[in-house]
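Q: Produce the entire structure from the sequences given, and follow the hints as far as they go.
Chains as they are written, first to last, in our numbering: chain D, 210 to 534; chain A, 8 to 302.
Since the hints were derived computationally from the structure, they do not count as laboratory data. Please note that a few of the clues may not be correct.
To be verified - With beta-carbon atoms standing in for the labels, derived distance ranges: (1) A:N190 / D:M516: 50 to 60 Å; (2) D:V238 / A:G181: 54 to 64 Å; (3) A:S17 / D:L422: 58 to 68 Å; (4) D:Q350 / A:G130: 21 to 31 Å; (5) A:V162 / D:F403: 48 to 58 Å; (6) D:L319 / A:F273: 28 to 38 Å; (7) D:V244 / A:L226: 53 to 63 Å; (8) A:V166 / D:V456: 40 to 50 Å; (9) A:A131 / D:Q350: 12 to 22 Å; (10) A:G130 / D:F353: 40 to 50 Å.
We treat Cβ as the ideally placed atom computed from N, Cα and C, and that holds for glycine.
Chain residues, written in single-letter form:
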Amino acid sequence: MNSSTVSSVSSVSAVSGQFRGNIILIAVVGVLMLVAPLLVYPLFLIKILCFVLFAAAFNLVLGYAGLLSFGHAAFFGGAAYITAHAAKVWHLPFELALLAGTTFAALLGLAFGALAIRRHGIYFAMITLALAQMVYFLAVQMPFTGGEDGIQAVPRGYLFGIIDLRNITAMYYTVLGGTAIGLVIVWRAVNSPFGHVLSAIRENETRVTSLGLKPERYKLIAFTLSAALSGFAGSMKAIAFQLASLVDVNWHMSGEVILMTLLGGMGTLIGPIVGASIVVGLEHFLSTSGLPITFIIGLFFVVCVMMFRRGVYGELKLLLERRRS
Amino acid sequence: MADIFGVPTSVLLGQLLLGLINGSFYALLSLGLAIIFGMLNVINFSHGAFYMLGGFTAWFMLSTLGFGYWTTLIAAPVAVGIVGAVVERLLLRRLYQMDHLYSLLLTFGIALMLEGLFRHIFGAAGKPYPVPSGLTGGINLGFMFLPVYRAWVIVVSLVICVLTWLAIERTKLGAYLRAATENPALVQAFGINVPLMLTLTYAFCVGLAGFAGALAAPLYQVSPGMGSSLIIVVFAVVVIGGMGSIGGAIFTALALGVIEGLTKTFYPAASSIAVFIVMVLVILIRPSGLFSREA
Chain D
210 MNSSTVSSVS SVSAVSGQFR GNIILIAVVG VLMLVAPLLV YPLFLIKILC
260 FVLFAAAFNL VLGYAGLLSF GHAAFFGGAA YITAHAAKVW HLPFELALLA
310 GTTFAALLGL AFGALAIRRH GIYFAMITLA LAQMVYFLAV QMPFTGGEDG
360 IQAVPRGYLF GIIDLRNITA MYYTVLGGTA IGLVIVWRAV NSPFGHVLSA
410 IRENETRVTS LGLKPERYKL IAFTLSAALS GFAGSMKAIA FQLASLVDVN
460 WHMSGEVILM TLLGGMGTLI GPIVGASIVV GLEHFLSTSG LPITFIIGLF
510 FVVCVMMFRR GVYGELKLLL ERRRS
Chain A
8 MADIFGVPTS VLLGQLLLGL INGSFYALLS LGLAIIFGML NVINFSHGAF
58 YMLGGFTAWF MLSTLGFGYW TTLIAAPVAV GIVGAVVERL LLRRLYQMDH
108 LYSLLLTFGI ALMLEGLFRH IFGAAGKPYP VPSGLTGGIN LGFMFLPVYR
158 AWVIVVSLVI CVLTWLAIER TKLGAYLRAA TENPALVQAF GINVPLMLTL
208 TYAFCVGLAG FAGALAAPLY QVSPGMGSSL IIVVFAVVVI GGMGSIGGAI
258 FTALALGVIE GLTKTFYPAA SSIAVFIVMV LVILIRPSGL FSREA
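A: Next up, the structure:
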């Protein structure tokens with residue numbers, strides 16, 4: 210009785226210490242991101258930001274709800290197509306084009322989720338993969354997507370009707386703001402009663418059912434939210450790079466976002482951020498090296514799965530905790 | 008010549024034949040997937056990559072080593088099977104005790120490595136592979152022209168599928184396999200080397216994929232991407248059929264090949280997504296799959 214009280218008190222102080230640590234970390238990273246475009250090529254930073262949000266959104270289903278989706282490229286790439294089309298052909302302003310892409314991804318996520326959740330475990334992965342492949346084939350065939358060329362020269366437009374996004378710095382800060390909003394949404398979702406139910410479903414679905422909750426409903430909400438945020442990331446990428454193409458809907462993209470989450474550390478908030486930065490940075494470096502990128506990505510998968518399943522952030526955290534105790 | 012819904016019979020039958028051929032490849036692959044899943048509890052994402060490896064090994068043996076078609080058709084699957092055994096021994100084995108997710112991701116990584124490597128060495132373009140001299144030409148059946156090689160592909164795939172099914176359902180070795188699926192510890196206690204059996208099962212099923220690749224080489228060109236596009240369709244086939252029954256997997260694979268062929272005849276634009284639409288319908292109507300034992 211006594212010892213349990215002590216341990217709970219110490220865990221509370223550990224939590225608040227961790228919280229303080231996180232605040233400092235966020236402040237440092239925030240300041241770094243604000244000055245970063247002075248030091249690094251902004252378009253490269255934008256790419257990292259988009260994938261950070263994509264990976265964080267993906268982690269919501271894999272890391273917290275325990276659902277392995279192999280089809281997130283459909284949301285990322287599908288939203289990119291819709292946003293690009295909305296901005297270029299419908300001449301919608303920047304914000305509405307983003308909204309169109311995000312809404313599309315959310316609806317697609319709702320439909321895919323409703324189907325895939327009817328099956329468990331490994332089947333869930335296969336169904337999401339097959340559904341996403343269907344979106345890929347549609348993107349290849351439908352006239353508005355432009356086939357192999359994709360939708361090119363998408364106009365960036367103006368933020369709030371005044372700030373010209375053709376200015377790369379303005380574009381960078383806009384994407385930074387969008388990513389920050391997305392990350393806050395993920396953080397809120399995870400640290401809410403909803404997020405705790407999700408983790409409970411991952412650990413023991415039967416028990417959650419016996420508590421009178423409906424796991425299907427929670428999984429579907431999480432999946433839809435994740436799809437919407439992935440779509441938001443894809444939409445921002447389409448506008449910033451002025452391009453929506455088949456690369457974004459290809460199954461390799463679904464694989465890449467899994468790797469980012471796995472490599473960084475799934476089920477953590479920081480992990481996907483670290484993982485996305487590493488993978489995008491690595492690809493940037495490899496693209497000029499002449500080495501086979503797909504092979505190296507595959508190798509990273511194998512090494513990650515065999516050697517460190519907690520990911521870079523997870524292993525680091527464990528190391529620090531061991532040193533502390 | 009008679010028309011069916013405005014389509015000439017010969018065109019319809021030609022597409023049906025193509026559908027059956029695709030179905031044969033789906034069957035060889037989904038059969039292997041189902042057995043691996045049943046025995047090892049692993050979804051083998053690299054199955055498509057091993058199919059591609061079979062095609063390339065056959066191409067290499069034929070064009071560089073100068074082997075004949077028949078030698079190649081045996082040697083290539085054996086080579087792929089050996090690679091599979093090594094993968095199982097060194098990597099996959101360590102993950103049996105863990106969440107399914109990790110073995111899926113491991114085999115996905117292996118698939119990327121193989122595809123990336125071959126794309127790097129050979130480029131994305133396909134390598135031509137001649138039809139063996141004994142199987143060229145065709146037979147005029149009166150209502151349609153039947154290329155001999157295509158008939159051979161369908162027959163040999165079906166024979167292999169049926170033999171595999173018989174081996175598992177009707178032989179003593181098959182009985183051990185099925186017993187080991189139910190309770191590996193007990194089977195091991197009876198003095199059967201279960202780990203070895205798992206290695207051999209994986210090697211055999213991966214070899215089947217390699218065989219399919221070597222068989223497909225003269226029909227489609229050998230290219231690094233040939234496996235990944237196929238494996239996703241095969242996954243859909245597996246979802247539709249359920250992995251509980253081997254006979255069900257074979258039947259579903261052939262039926263879906265035919266459905267795909269029919270779609271190509273009547274509504275070509277939808278042919279690439281036909282299998283996925285069937286999958287959606289099956290999930291809606293019978294979520295556990297058509298031949299699943301879980302119900």
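Q: So which hints don't hold here, by number, going up?
A: Per hint list: 1 and 10 violated.
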